[in-house]
Amino acid sequence: MWLHRRLTVVTRAPRWARWTSLAVVGGGLLLYAAANAAYRTLDPAPLRPALWLGLAWLSVAWYLSLGCLLLAAAALVLRLLGRPAARARLLAGGTPLVVVASLAVTAVGAYVAQRPGVASYTVSAEVVPDGWDGARVVLVTDLHVGVVHGRSWTERVVALVEAQQPDLVVLGGDLVDGRERFTGPDLAPFAALDPPLGVVAVSGNHEVESGDAEAYLGRLESLGIDVLRNEAVVLRRGGDPLTVAGVHDATGSASLEPDPDAALAGTAPGDFVVYVAHQPRQVEPGRGVDLQLSGHTHGGQLWPFEWAVPLEQPTVGGVDVVDGVTIVTSRGVGTSGPPVRTGALPEVVVVTLRTP
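Take the sequence shown: its letters are residues 1 to 356, numbered as in this note's numbering.
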């Protein structure tokens, strides 16, 4: 109601504009709520146009609200200055511009969200084994297949990953949304991945929240992917070993509860340990972890939420050192909620290991 009033009532818009605003703002809110409920319980495939529209509404509403807040602040200043005519002109002329800008930003963000790219980083450390010098590790997180994307989206991402000629592929969680019996088959293209050192995966919070995490992880294993359930694998390249340890997401409980002690059991101080955890805040300082691979943040996804991410996570994206641990965080390849990205490009991440 606040947004509706800012768009029409305070601007003294004509009756038709008020009814249009009420229908768009109120109807959009209802569609957004329905879309959120639908993809969690129903087969999303036949509903995707409506799901897309309902979820995209949140982006429009967000930027409408930001614009209206700015206009309200400026209008308040003019009121305090005793300039009612200037205030009226500002609201009458500025409000349509806010509407156009909100639609334009959402449209551009929806376009950007459909075009994932590649972010490349080099991690150099004396403890990188000689045989792993030049190894390419591709990190894929936050695919979120199932809501507004189906199998073809997974196929596009797989093709992008294969083009990077990886030695190892790491799936860092939040690959899916919705129920496994509907969305699980959309993961099938991952079976085509065949890097020399294999494919490993961990759970994310969306697998846990779906209620079907075990089924999803079982589906990945059936595709030939090594799911790390609080455990580690030792891989060899050029005759030298490297340990990849993975834990469940921080939101998991019971059999899905993260157990870093179990994941890191058996590692020695001289080992090079890659630790895979969906959320950057799952960092384990002082445990011999040399490199952590994470996702979850989406880089904020919608501007300016990247400024809010540090309230929960120690890093937003890229390469950072947190409590002595080097963390590479992917901004993710898909979207959660609105199928829109503003200021946070979708990406798969290539990490090249180097000895000094």
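Among these hints, one or two may not hold up.
[Claimed, not checked] Derived DEER-like restraints, expressed as beta-carbon distance ranges:
1. Tyr111 / Gly131: 38 to 46 Å
2. Ala92 / Ala45: 39 to 47 Å
3. Glu312 / Ala88: 39 to 47 Å
4. Gly266 / Glu312: 27 to 35 Å
5. Pro49 / Gly82: 32 to 40 Å
6. Gly238 / Ala191: 24 to 32 Å
7. Arg151 / Arg287: 52 to 60 Å
Hints are computed from structural coordinates only; laboratory data are not their basis. Every residue, glycine too, gets a C-beta built ideally from N, C-alpha and C.
Now for the hints, and whether the structure bears them out:
1. Tyr111 / Gly131: 38 to 46 Å: Cβ of Tyr111 to Cβ of Gly131: about 43 Å, so the range 38 to 46 Å holds.
2. Ala92 / Ala45: 39 to 47 Å: Between Ala92 and Ala45, where Cβ atoms are some 45 Å apart, the hint holds.
3. Glu312 / Ala88: 39 to 47 Å: Between Glu312 and Ala88, where Cβ atoms are some 42 Å apart, the hint holds.
4. Gly266 / Glu312: 27 to 35 Å: For Glu312 against Gly266, whose Cβ atoms are near 31 Å apart, the range 27 to 35 Å holds.
5. Pro49 / Gly82: 32 to 40 Å: With a Cβ separation near 50 Å, Pro49 and Gly82 fall outside 32 to 40 Å, so the hint is violated.
6. Gly238 / Ala191: 24 to 32 Å: holds, 27 Å
7. Arg151 / Arg287: 52 to 60 Å: Distance hint for Arg151, Arg287 is violated at roughly 38 Å.
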